[in-house]
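*Asks:* Sequences are here, hints too, so could you generate the full structure?
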Amino acid sequence: MSDFDDPTAPPDAETELSAALDSDSVTPARPVRLPLRQRGRSVAMRSVQFLPSLATLGNAICGFGAIYVASFQPSDISQQDPWALALGQHKYITAVYLIFLAMLFDAIDGRLARFARHTTDFGGQLDSLADIVSFGVAPAYLALQVLKYGLILQWQPPFIVSRLIWAIGALYVSCAAIRLARFNTINQHGEQHHLVFHGLPSPGAGGTVVAFILMQQDLQLSGFNLLSNLCLYLLPLIVLGFGLLMVSNIPYPHLINRYLRGRKSLARLVIAVAIVLLLVVAHQYVIALGTLVYALSGPGLWIRNRHTPKDQQPVDTGINV
Numbered sequence: 288m289s290d291f292d293d294p295t296a297p298p299d300a301e302t303e304l305s306a307a308l309d310s311d312s313v314t315p316a317r318p319v320r321l322p323l324r325q326r327g328r329s330v331a332m333r334s335v336q337f338l339p340s341l342a343t344l345g346n347a348i349c350g351f352g353a354i355y356v357a358s359f360q361p362s363d364i365s366q367q368d369p370w371a372l373a374l375g376q377h378k379y380i381t382a383v384y385l386i387f388l389a390m391l392f393d394a395i396d397g398r399l400a401r402f403a404r405h406t407t408d409f410g411g412q413l414d415s416l417a418d419i420v421s422f423g424v425a426p427a428y429l430a431l432q433v434l435k436y437g438l439i440l441q442w443q444p445p446f447i448v449s450r451l452i453w454a455i456g457a458l459y460v461s462c463a464a465i466r467l468a469r470f471n472t473i474n475q476h477g478e479q480h481h482l483v484f485h486g487l488p489s490p491g492a493g494g495t496v497v498a499f500i501l502m503q504q505d506l507q508l509s510g511f512n513l514l515s516n517l518c519l520y521l522l523p524l525i526v527l528g529f530g531l532l533m534v535s536n537i538p539y540p541h542l543i544n545r546y547l548r549g550r551k552s553l554a555r556l557v558i559a560v561a562i563v564l565l566l567v568v569a570h571q572y573v574i575a576l577g578t579l580v581y582a583l584s585g586p587g588l589w590i591r592n593r594h595t596p597k598d599q600q601p602v603d604t605g606i607n608v
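Heads up: take any position in the sequence shown, counting from 1, add 287, and you land on our numbering.
Everything hinted at is true.
Per label pair, the in silico range of CB-to-CB distance:
#: 1; residue 1: R450; residue 2: S584; range: 29 to 37 angstroms
#: 2; residue 1: I590; residue 2: L440; range: 36 to 44 angstroms
#: 3; residue 1: I439; residue 2: W370; range: 22 to 30 angstroms
If you're looking for bench data, these hints aren't it; they were derived computationally from the structure. We put the beta carbon where it would ideally sit given N, CA and C, even for glycine.
*Replies:* Structure representation (structure tokens):
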């Protein structure tokens, strides 16, 4: 450009053509490819995203299996099916262990979802549908079956008593459904929001009912008929009371998130070892007593806090779930 050229004048056609040729000669940028290790990690994470839903479906299948096994009748079992014959001999005990297995699936599905970084509303809704089967319908049906063949048919109570027992089972299922619906409306993702439950969780209620049935069945098989019959008389009260606790606002701690995470003290290690040894010796009674203590700890702490000044009460760090 000479000294007489105007720098503010618009470019001529030749200048524009040169600029266009220069722009066409630029090679377009290639898409950025992730390193091989990072791509493999991404593929692996996508491949495990189905595991949480698979664990939740395992929960529902175990609950359905418990209902199916508890309804076995001797005339319905084929003599050519060794599995059905084995399960039919102790059908109530088998149903209890299937519900315990459903509790295990329910405990790991959320952690699998957080591990896969795939927590979705679909998974939460599916989990609640599985819980109503495994911890709502299955425990109530199992309790009704045990009471029917262990109490009603043998002792022949008045007609109204049998109808009352059925109504208690229906109320338990209704409370479980309400509990899970309330949980879905206010649930938040993240373990920091699940340190305290308001109301007995449905796995805790269902686990307490079936653990009590397991203890009753073991007492019956061991020949302690007096204690076994006492458990049968208490079973309707257990179902009714823990069903109502599910829809209460009494706080319950989340045992795993509150006590089993973070640094562990020596005292907790000793307690854990003692519990494991007791489970090996007599797991039927340890599980029953442990679940009863947990379920009754809520009302016990609530009564204690009612008589404790507010400035001395522990701070509630959980959400109303």
